[in-house]
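Residue numbers (our numbering), protein chains in the order written: chain A, 555 to 977; chain Y, 555 to 977.
FYI, nobody ran anything at the bench for these hints, they're computed from the structure.
Quick caveat, the model's predicted, so the values are computed rather than measured.
Be a bit skeptical, because a hint or two may be false.
Since copy identity is lost for identical chains, a pair holds within one copy or between any two.
[Said to hold, decoys possible] Heads up, simulated SDA-like pairs for lysine to any residue below, C-alpha to C-alpha not over 25 Å straight-line:
{"id": "1", "residue 1": "Lys909", "residue 2": "Met766"}
{"id": "2", "residue 1": "Lys619", "residue 2": "Thr712"}
{"id": "3", "residue 1": "Lys619", "residue 2": "Pro957"}
{"id": "4", "residue 1": "Lys637", "residue 2": "Asp656"}
{"id": "5", "residue 1": "Lys899", "residue 2": "Ala959"}
{"id": "6", "residue 1": "Lys619", "residue 2": "Ser602"}
{"id": "7", "residue 1": "Lys899", "residue 2": "Ala722"}
{"id": "8", "residue 1": "Lys619", "residue 2": "Thr589"}
{"id": "9", "residue 1": "Lys619", "residue 2": "Gly861"}
{"id": "10", "residue 1": "Lys619", "residue 2": "Gly862"}
{"id": "11", "residue 1": "Lys619", "residue 2": "Ala722"}
{"id": "12", "residue 1": "Lys637", "residue 2": "Ala584"}
{"id": "13", "residue 1": "Lys637", "residue 2": "Ala959"}
{"id": "14", "residue 1": "Lys619", "residue 2": "Leu867"}
{"id": "15", "residue 1": "Lys637", "residue 2": "Pro789"}
{"id": "16", "residue 1": "Lys619", "residue 2": "Asp599"}
{"id": "17", "residue 1": "Lys637", "residue 2": "Gly974"}
{"id": "18", "residue 1": "Lys909", "residue 2": "Gly930"}
{"id": "19", "residue 1": "Lys637", "residue 2": "Ile577"}
{"id": "20", "residue 1": "Lys619", "residue 2": "Arg876"}
{"id": "21", "residue 1": "Lys909", "residue 2": "Leu580"}
Protein chains: 2
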Amino acid sequence: MSPTLKTGLSFSALGQRAQPPTIARLMSAALENPTLLSLAAGFTDSSSLPLPAVSAAVNALVGQKANESLQYGMNQGRPLLRKLLAQHLAQWEPDLVDTAVDQRFFVSNGSQQALYLAMQVLCEPGDIVLVDRPSYFVFLEMLAAMGVRAVSLPVDETGRLDAPAITALLDRLAQAGDTRRIKAVYLVSYFSNPSSRSLFEGEKVALAQSLMTRNLIIPVIEDAAYRDLFFSVRPEARSVLTVPEWSEFPKLYLSTLTKPFATGLKVGYGYCTDAEWLARMLYTKGHHDFGTANFNQAVLEHIIADGGLERQLTVIRALYQRKMHALHDTLLQEGLPDLGWTWAKPTGGLYLWLKAPDRVDTGLDSAFFHHCITAGVLYVPGALCFGDETPRNYVRLSYGVLPVAELGEAARRFVQVARGFHV
Amino acid sequence: MSPTLKTGLSFSALGQRAQPPTIARLMSAALENPTLLSLAAGFTDSSSLPLPAVSAAVNALVGQKANESLQYGMNQGRPLLRKLLAQHLAQWEPDLVDTAVDQRFFVSNGSQQALYLAMQVLCEPGDIVLVDRPSYFVFLEMLAAMGVRAVSLPVDETGRLDAPAITALLDRLAQAGDTRRIKAVYLVSYFSNPSSRSLFEGEKVALAQSLMTRNLIIPVIEDAAYRDLFFSVRPEARSVLTVPEWSEFPKLYLSTLTKPFATGLKVGYGYCTDAEWLARMLYTKGHHDFGTANFNQAVLEHIIADGGLERQLTVIRALYQRKMHALHDTLLQEGLPDLGWTWAKPTGGLYLWLKAPDRVDTGLDSAFFHHCITAGVLYVPGALCFGDETPRNYVRLSYGVLPVAELGEAARRFVQVARGFHV
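Chain A with its partners taken away, still in its complex shape:
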């Protein structure tokens, strides 16, 4: 080959912005210590994953000679599955009035793909999305790769949305000429990743009012991925789908069958109130993959219709509550609060969200993080979970993966490190 030739490989702006995911850096850190106990991954409990139920559903498909389950399916998702998902949503939202509700549902590769599609069809580089504080870090990374700016909705010292501060933020954005760039608001409103908080209905009402007073009737994306994972009491707050103050807003409600049933099947879903928004997401999904694996949807249809989703939820709600206690109780017993750390005891979800004393930096490059690796415990630095004005003293711990005994040991290791940073 002539020495004058050079490779003509160049990347798009999106390709250039794309960065290695944080989870990859955490995984590399984990390799430094093979006896490490990971409280980092947002994985689900492996022992409870419903392999027999999946196998029974597959055998039922064989019995029905349902070869079509291995054929291509519809881009939007299987009609029966969408109908079953609509019925599931109706249990949560009895006030929802929509005669064609299942036609506004779509099935995606986890709720993650639905988030991606929503952002792709709404946002250009330089646009703004309002996000909760803290927020889901994979979503924040996705926005960064798209060149979209995440702006946090201000919260008060208890973590609640702060309506006057939100109004002030919208005014500041208006003064900066940025109002037209605000394309959506994103809320992880039930047992949030990472905070485990659920929004009160009053917070949702006040947010809608703040947006309306500034004429911002923008699309809202409510990520309800953890809504089914309450421990014993269903969260009371209605979704933005039925809170009257949100009635005029275009709404996308997202959830998933991964966390409540099986992450390995990778089936999520969305319900979109705006026909044009939905259509453009579906056209784009047609280009991504023209439909989520039809077989997985057929299996899940069988399982949901047979009551298998509810049975699994009954099992894992009690299980995650026990696991939460194993972690939470040990942190308490070992004296973490005496070291100035605070957190709220979750009532659902997969995470503890710890606030360290202000002076303790818990970031990926911090001494605290490396001491934890050395001590054999891994966590997600809270700094990854903020769209802007990032504090350094938060920690996300997941009790999803480790068995109860190891959760206790991981908690002891963690408190031991925290004690070394206590002054």
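Here the structure of chain A is known, so what remains is to put chain Y in place on it, guided by the hints.
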């Protein structure tokens, strides 16, 4: 709500460019006649879909208590599956020398997602991708939605790549100042959708030489989705992966387990020779879905390791050959060649690619198309399969879906309509 409020829903350029997929228009057309026989859909044969093999694999996972198969997996795909796919590729490309071949493989939601990722990280709106002529129409629709211009590689009257005309095209693009916008070349090189042609190795050699003489060492994407689907003789041409003239080009080789095994499992794969290109696709896949359904990959690992893929291929190669004959032979017997129609008899793949007399317009809005609907037969208008300079007199017929008896009837209906357009 105040009448001064208006919805602040607006779409990105990509969202605005997204159009309903052609297949949706074909489906709507199909609804006009419920007795319609469809030769349009590129679906696979349902009767042969290997549901018992899938069920056996799932039961084996249960026997192994392989709960991890229902857990999240790796973004890049399961390591064992990638190793098995590397071994499968090695059967086709014995000259491939790559000590880390499985590390350059990745698993995607069908090969479609891999195509999407490749284009996302390479192309901006206004860029150019060189495509074969005819080419895969879902890819062409995807490029249109991305604002990317498809420019066809010229072919001679036999359909072969025309090297002098390609060089002339590159010179015209250079004169127009467009050379820097050419970001990739895309080839469906084995039993192409839609033409069923396989490129001769000499065509690949000449194309590489044309590009090199113009200093265009651009990424090449070889879509080998149908390579496994030869009827009785393996296609001889090596892939661009091992044709020496392509050695300096960044290469992405795509294929799939959908068409050769089960479309409903939606597992495709890519092998990329350029580490940085691969990394940027994987980062972006992390934002799309952070990994293709792990369960489906575990099932396919078991099936491939057990010889199930090769057994299924043995079945469907013979089946599709019979089905091709049912369609092809009936078109012959009914006298379609006497009406001035020509086509090549396929040696693999799922399609017949018919050329009508020049004056016969077969487009979606044509009288011919509507006469076919009325007569009860549906096809894909060939005009959809061209990136530019679109002829109107081609037709794609698929023999994938219909059983043999119905293929004969569909062929008779088609020839009857063609006879009505004979002058």
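Exercise. Find the hints from earlier in the document that the structure breaks and name them by number, from lowest to highest.
Key: Violated: hints 1, 2, 7, 11, 13, 17.
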